[in-house]
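Engineer: Sequence:
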Amino acid sequence: MYRLATHTGFRQVPRSIANSTARPALATPRFFQPVDIRTIMSSSSGVKVSDRIKYDHAELEQQYKNIIAAKDDDTKVRWQNQFIWELARHSIAEEIVVYPAFEKFVPNGLQMAEKDRAEHQRVKNLLYEFQKMTPSSSDFRPTLDKLWDALSQHIKEEERDDLPALEQHIDAEYSGKLASSFNTTKHFVPTKSHPSAPDRPPYETAAGMLATPLDKLMDMFKKFPKEDMKA
Numbered sequence: 125m126y127r128l129a130t131h132t133g134f135r136q137v138p139r140s141i142a143n144s145t146a147r148p149a150l151a152t153p154r155f156f157q158p159v160d161i162r163t164i165m166s167s168s169s170g171v172k173v174s175d176r177i178k179y180d181h182a183e184l185e186q187q188y189k190n191i192i193a194a195k196d197d198d199t200k201v202r203w204q205n206q207f208i209w210e211l212a213r214h215s216i217a218e219e220i221v222v223y224p225a226f227e228k229f230v231p232n233g234l235q236m237a238e239k240d241r242a243e244h245q246r247v248k249n250l251l252y253e254f255q256k257m258t259p260s261s262s263d264f265r266p267t268l269d270k271l272w273d274a275l276s277q278h279i280k281e282e283e284r285d286d287l288p289a290l291e292q293h294i295d296a297e298y299s300g301k302l303a304s305s306f307n308t309t310k311h312f313v314p315t316k317s318h319p320s321a322p323d324r325p326p327y328e329t330a331a332g333m334l335a336t337p338l339d340k341l342m343d344m345f346k347k348f349p350k351e352d353m354k355a
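Numbering-wise (my numbering), the sequence shown opens with residue 125 and increments by one.
Please keep in mind that the hints were generated in silico from the structure rather than gathered at the bench.
All clues given are correct.
Pair ranges (Cβ atoms, derived):
1) Ser260 x Gln292: 46 to 54 Å
2) Lys256 x Lys280: 25 to 33 Å
3) Arg284 x Glu351: 32 to 40 Å
4) Ser262 x Phe229: 39 to 47 Å
5) Asp295 x Ser260: 46 to 54 Å
For clarity, every value in this text was computed on a predicted model and none was experimentally measured.
Ideal Cβ placement from N, Cα and C applies to all residues, glycine included.
Given only the sequences and the hints, what does the whole structure look like? Please build it.
Structural biologist: What follows is the structure, encoded as structure tokens:
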């Protein structure tokens, strides 16, 4: 079975997090299968919201590396689609679930959330350009690298500053609830970049409800990594 690596340049990701990430079939490219779990990271699972987000960061880094390492255009396209699918969902779920928590619980959390939204907007703009490209395009690799440069800097700052600040101001039970809400939200948001859409609830939630069905329909006709592709 295909499994993502549990170690990245950012940090070692606990295997308990990696093994806790099930995806319902309707919200998932067809090659994914549930990973030996009966529930989706509920508050009782003991998974903190920061750990859940770091796991996504690790996935994204691995998918970026897989695009770079691909030996042919077909493989590049499959990992490109997976990277777009994951990054679009991750970004919107953070804006709907996590950034409002920054604003509510963290001193100077409003400024923190606004900074993160601005960084997300740059990433969304680059992702929007990247998702229109094919590997044969001369701008494919430069755009991907520019996108990853912006995203990796955001990830480093978020893991170093923002997430620890949030965990300091909420208890473990609430962190688990945020993790569960974040995970659930990812199944109901767009799977492509829509940079002109609102970037905060409730408007982002409403816009997502309009865009998501079409995105998921388009996903049905795209290629994604096969089960025997190893990260």
